[in-house]
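Engineer: Line by line, the protein sequences give chains R and B.
In case it helps, our numbering puts the first sequence at residues 2 to 485.
In case it helps, our numbering puts the second sequence at residues 2 to 485.
Derived by calculation from the structure, the hints in this document are not laboratory data.
This structure is a prediction, so every number in the text was calculated from the model and none was measured.
Careful, some of the hints might be misleading.
Which copy? The list can't say, so a pair holds if one copy fits it or any two copies do.
Each computed DSSO-like pair below joins lysine-lysine, with the alpha-carbon atoms no more than 27 Å apart [to be verified]:
#	residue 1	residue 2
1	Lys306	Lys467
2	Lys425	Lys84
3	Lys64	Lys340
4	Lys404	Lys340
5	Lys29	Lys248
6	Lys447	Lys467
7	Lys306	Lys328
8	Lys257	Lys449
9	Lys257	Lys375
10	Lys306	Lys447
11	Lys150	Lys445
12	Lys64	Lys328
13	Lys425	Lys306
14	Lys257	Lys467
15	Lys64	Lys29
16	Lys209	Lys302
17	Lys257	Lys29
18	Lys425	Lys467
19	Lys302	Lys257
20	Lys64	Lys449
21	Lys425	Lys328
Listed below, chain by chain, are the residues.
Protein chains: 2
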Amino acid sequence: MGKKKEFEQGITSQAEDFSQWYIDTILKTEMADYSCVRGCMNIRPYGYALWENIRDAFDRRFKETGHQNAYFPLFVPESLLRKEAEHVEGFAPEVPWVTHIGEEALTERLAIRPTSETVICAAYHEWVHSYRDLPILINQWANVVRWEKRTRLFLRTSEFLWQEGHTCHRNEQEAREETMLILDLYREACETELAMPVIPGRKSDAEKFAGAVETYSIEAMLADGNALQAGTSHFLGQNFAKPFEIKFLDEDNTEKYVWQTSWGVSTRLVGGIIMSHGDDSGLILPPRVAPIQAVIVPVFKDDTKTLVLEEAARIAAELKGAGVRVKLDDREGFRPGFKYNEWELRGVPLRIEIGPRDIEQGQVMAVRRLDREKTTIARGELARRIPGMLGQFQDDLLERARKRTAESTREASTLDELAEIVEKQRGFVWAGWDGTPETEAAVKDKTKATIRNIPLEGGQPTDGLKDLVSGAPAAHRVLFARAY
Amino acid sequence: MGKKKEFEQGITSQAEDFSQWYIDTILKTEMADYSCVRGCMNIRPYGYALWENIRDAFDRRFKETGHQNAYFPLFVPESLLRKEAEHVEGFAPEVPWVTHIGEEALTERLAIRPTSETVICAAYHEWVHSYRDLPILINQWANVVRWEKRTRLFLRTSEFLWQEGHTCHRNEQEAREETMLILDLYREACETELAMPVIPGRKSDAEKFAGAVETYSIEAMLADGNALQAGTSHFLGQNFAKPFEIKFLDEDNTEKYVWQTSWGVSTRLVGGIIMSHGDDSGLILPPRVAPIQAVIVPVFKDDTKTLVLEEAARIAAELKGAGVRVKLDDREGFRPGFKYNEWELRGVPLRIEIGPRDIEQGQVMAVRRLDREKTTIARGELARRIPGMLGQFQDDLLERARKRTAESTREASTLDELAEIVEKQRGFVWAGWDGTPETEAAVKDKTKATIRNIPLEGGQPTDGLKDLVSGAPAAHRVLFARAY
Numbered sequence: 002m003g004k005k006k007e008f009e010q011g012i013t014s015q016a017e018d019f020s021q022w023y024i025d026t027i028l029k030t031e032m033a034d035y036s037c038v039r040g041c042m043n044i045r046p047y048g049y050a051l052w053e054n055i056r057d058a059f060d061r062r063f064k065e066t067g068h069q070n071a072y073f074p075l076f077v078p079e080s081l082l083r084k085e086a087e088h089v090e091g092f093a094p095e096v097p098w099v100t101h102i103g104e105e106a107l108t109e110r111l112a113i114r115p116t117s118e119t120v121i122c123a124a125y126h127e128w129v130h131s132y133r134d135l136p137i138l139i140n141q142w143a144n145v146v147r148w149e150k151r152t153r154l155f156l157r158t159s160e161f162l163w164q165e166g167h168t169c170h171r172n173e174q175e176a177r178e179e180t181m182l183i184l185d186l187y188r189e190a191c192e193t194e195l196a197m198p199v200i201p202g203r204k205s206d207a208e209k210f211a212g213a214v215e216t217y218s219i220e221a222m223l224a225d226g227n228a229l230q231a232g233t234s235h236f237l238g239q240n241f242a243k244p245f246e247i248k249f250l251d252e253d254n255t256e257k258y259v260w261q262t263s264w265g266v267s268t269r270l271v272g273g274i275i276m277s278h279g280d281d282s283g284l285i286l287p288p289r290v291a292p293i294q295a296v297i298v299p300v301f302k303d304d305t306k307t308l309v310l311e312e313a314a315r316i317a318a319e320l321k322g323a324g325v326r327v328k329l330d331d332r333e334g335f336r337p338g339f340k341y342n343e344w345e346l347r348g349v350p351l352r353i354e355i356g357p358r359d360i361e362q363g364q365v366m367a368v369r370r371l372d373r374e375k376t377t378i379a380r381g382e383l384a385r386r387i388p389g390m391l392g393q394f395q396d397d398l399l400e401r402a403r404k405r406t407a408e409s410t411r412e413a414s415t416l417d418e419l420a421e422i423v424e425k426q427r428g429f430v431w432a433g434w435d436g437t438p439e440t441e442a443a444v445k446d447k448t449k450a451t452i453r454n455i456p457l458e459g460g461q462p463t464d465g466l467k468d469l470v471s472g473a474p475a476a477h478r479v480l481f482a483r484a485y
Numbered sequence: 002m003g004k005k006k007e008f009e010q011g012i013t014s015q016a017e018d019f020s021q022w023y024i025d026t027i028l029k030t031e032m033a034d035y036s037c038v039r040g041c042m043n044i045r046p047y048g049y050a051l052w053e054n055i056r057d058a059f060d061r062r063f064k065e066t067g068h069q070n071a072y073f074p075l076f077v078p079e080s081l082l083r084k085e086a087e088h089v090e091g092f093a094p095e096v097p098w099v100t101h102i103g104e105e106a107l108t109e110r111l112a113i114r115p116t117s118e119t120v121i122c123a124a125y126h127e128w129v130h131s132y133r134d135l136p137i138l139i140n141q142w143a144n145v146v147r148w149e150k151r152t153r154l155f156l157r158t159s160e161f162l163w164q165e166g167h168t169c170h171r172n173e174q175e176a177r178e179e180t181m182l183i184l185d186l187y188r189e190a191c192e193t194e195l196a197m198p199v200i201p202g203r204k205s206d207a208e209k210f211a212g213a214v215e216t217y218s219i220e221a222m223l224a225d226g227n228a229l230q231a232g233t234s235h236f237l238g239q240n241f242a243k244p245f246e247i248k249f250l251d252e253d254n255t256e257k258y259v260w261q262t263s264w265g266v267s268t269r270l271v272g273g274i275i276m277s278h279g280d281d282s283g284l285i286l287p288p289r290v291a292p293i294q295a296v297i298v299p300v301f302k303d304d305t306k307t308l309v310l311e312e313a314a315r316i317a318a319e320l321k322g323a324g325v326r327v328k329l330d331d332r333e334g335f336r337p338g339f340k341y342n343e344w345e346l347r348g349v350p351l352r353i354e355i356g357p358r359d360i361e362q363g364q365v366m367a368v369r370r371l372d373r374e375k376t377t378i379a380r381g382e383l384a385r386r387i388p389g390m391l392g393q394f395q396d397d398l399l400e401r402a403r404k405r406t407a408e409s410t411r412e413a414s415t416l417d418e419l420a421e422i423v424e425k426q427r428g429f430v431w432a433g434w435d436g437t438p439e440t441e442a443a444v445k446d447k448t449k450a451t452i453r454n455i456p457l458e459g460g461q462p463t464d465g466l467k468d469l470v471s472g473a474p475a476a477h478r479v480l481f482a483r484a485y
């Protein structure tokens, strides 16, 4: 990551430079900043509070579907990492190696986990004996490291936080069902909690996880027209079970290898939220995961200060009682207009303004961050109305993102057409693909767009659909896009 | 850690070999096991669920006292680790060094964090400018690594999970108040949540944190008579602020260094719970943090199976509705007696037995893990009674631990006396100390007991109290013990 930029005021506009807008917004809202370690970030309290809410939203869903959390070591002995050939090949170039403890050289080098299939499979080898031990449905919240040449706050950092699910099943069908269950859980959580619509589908072989039989992903469309792979769910088959010898005695008294899945989402979701919803005034946070859902800004002069602050404190207490994450901004020495700007920058969904006249008239003013729409609310109805307004905000935010995604989705029938769309408008582009890695590579070379996935819905080739490059009959209808 | 031990049945008794009892209990209850990485453990779902509840109990208290969570990098560049001389000296021998990324050698080695003062101070250097930026009250939940020669599951592992608070203040008094606020928060949380009484006090200089001005600790007495340092709170003074140049412009327009604290508790608390409360039947878990607070074991024959299982499911739903973490053990093919043993081993506070006769009589039987006391409860009162019984269990468990700690606390007026107590009975031993490192070392050499701390209560020397070794007037009244 580059050097920190100093701010006079405001942030770069999206139209001028979307990437700079993104960085400005993160630094200025104190979501995160660059750390003393190349490629790693400090996640600051405001950004971490958002991540905690995202984590809890996903964690609740994992537990509701029968998964349990556990924790496995940070280190992977070299011999273990090398057990699955494709896996080590995929991750080795980015792996940090521990060679010494203090002054002493290790006899075997230790990798810092880029993902934990190998360490966890070594445990499962010990844990699984009988069909009664299955399924194993375990998830881990952890830090992982993949050393990146080019990094971007939240979207691509050398160390990141994530969850990784690792499951073992008795047969192929169960494992395939788990893969799809999680894919749909991810889709639903992204839409419900982050107001971020995503396209679930299968990755091409070129883009699948190192060691998987099949990788499925959810793909989001961001406001700048780039796609974001927001989560992946892998069907591992028996690719790890065999080298790690994870075997069980089945009911029929024969020994079998387990069938496995793994799946993850990470702190890059924070970047996805920022780039999905933000505008030139800064962040717009989905109420369900926003650290602060409503901010109260009292407006007063010296002679009305006590009156207004006391009423503002009562409102804060009432809203807190109604389950709203509320903040009262009672800082002295800042004008209300300054506070309005600051909380808009920080993306707080609702602002509640309260002054002496409002008190007199028994009302308050609520302002939506999304569209600055103002609503006068009777004082007595506040605790009832605000949760409803937050729900409406969440719905409207999702609807807006859906509309934007639909408008950014086009169709191409020739490579030139695809290239032009990708160059001028970005977004998703539907096109036919013959299923060969050659045509996939040819499109990427010419347009920098990749096959995001073969969508579960709409991924079947329509009659007469042809591959963009080869002109052969299409095997799939796929979504191309440039991606982060 | 050694090799896994295979079990035929049961666990070693505490009287026979307490250490082996501890290991047996952890492995057999599937709290954790030995991982493929030397000195690191796999925290299995049952152990991790306990840790999650401990984490949430502490986290709630941190937030209630104005602290916020954040996340900082895993890696510490070598030059940064070396900035505070005592600090690096204390940790360097146990630090893993990353020297390569993939095939490429790094120009500067990276340490894996043993604790995060250095990385966080580098951030605070950037964040703090004015007195308006203070105080900074930040906590991090993270993994850290200190490579240990001898390890013990949960109590001492090369990688462990913990929280580390790092705060900056405007003046010395505020920082000292924070140090003591956290020490008392730790004491209260250990007592309330873990039913583990602890002695708060100040560490001797020999035992303080590398880089601190003063270290305070909470010390628990375990069932085998060994002490456990369960948490520490450090007053760092300006020891880090100066080399890291964390300065601010104060209201009086002069530039000043901040005053700092740091503090932590870790997964060793899980070991503390096990060794505080467990018995020859296995774990006894405090209800407030137990993953399962009540287990329902249905007792039936073929002809009453449906009747009993349906009623058991209704009871489970009712208790869940009353906020109880309840599990219905409806596994087939296991006799009730087998299930009783298993849940006793796993330390579930209450067992609820329900059979056809109970249903007929409109009642259930509840059995307390602590003392196997049986209570008949009218069916209609269950949802009201069980939460109360869990509260009573928690109180009784704390009271029992308090009593045991009191009974294990003695007084010595000569070194021989201390040596005899420590050798024969273990426990805490009060004694006079002249405050010099020489006599402290002499006691340790002869008895293997160390000064656990100078307790906040009772640490003042009584009239005429003399140092055990030198015979000089005691500067403090301290607690000696052998410790994990």
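Engineer: Against this structure, judge whether each hint is valid.
Structural biologist: Right, here's what the structure says about each hint:
1. Lys306 <-> Lys467: Neither. Shortest intra-copy (71 Å) and inter-copy (61 Å) distances fail the 27 Å Cα cut-off.
2. Lys425 <-> Lys84: Result: close neither inside a copy nor across copies, 45 Å intra and 51 Å inter.
3. Lys64 <-> Lys340: between (39 Å within a copy, 24 Å between copies)
4. Lys404 <-> Lys340: So Lys404 and Lys340 fail the 27 Å test inside a copy (31 Å) and across (55 Å) alike.
5. Lys29 <-> Lys248: between (52 Å within a copy, 21 Å between copies)
6. Lys447 <-> Lys467: within (18 Å within a copy, 86 Å between copies)
7. Lys306 <-> Lys328: For Lys306 and Lys328, only the intra-copy Cα distance (18 Å) is at most 27 Å; the inter-copy one is 54 Å.
8. Lys257 <-> Lys449: neither (44 Å within a copy, 52 Å between copies)
9. Lys257 <-> Lys375: Neither. Shortest intra-copy (64 Å) and inter-copy (45 Å) distances fail the 27 Å Cα cut-off.
10. Lys306 <-> Lys447: Answer is neither; intra-copy 64 Å and inter-copy 68 Å both fail.
11. Lys150 <-> Lys445: within (20 Å within a copy, 52 Å between copies)
12. Lys64 <-> Lys328: between (30 Å within a copy, 14 Å between copies)
13. Lys425 <-> Lys306: neither (54 Å within a copy, 69 Å between copies)
14. Lys257 <-> Lys467: neither (42 Å within a copy, 71 Å between copies)
15. Lys64 <-> Lys29: between (36 Å within a copy, 24 Å between copies)
16. Lys209 <-> Lys302: neither (62 Å within a copy, 52 Å between copies)
17. Lys257 <-> Lys29: between (55 Å within a copy, 25 Å between copies)
18. Lys425 <-> Lys467: within (23 Å within a copy, 86 Å between copies)
19. Lys302 <-> Lys257: Result: close neither inside a copy nor across copies, 77 Å intra and 34 Å inter.
20. Lys64 <-> Lys449: neither (39 Å within a copy, 46 Å between copies)
21. Lys425 <-> Lys328: Result: close neither inside a copy nor across copies, 42 Å intra and 58 Å inter.
Figure legend: structure checked against the earlier numbered hints; hints not met, in rising order: 1, 2, 4, 8, 9, 10, 13, 14, 16, 19, 20 and 21.
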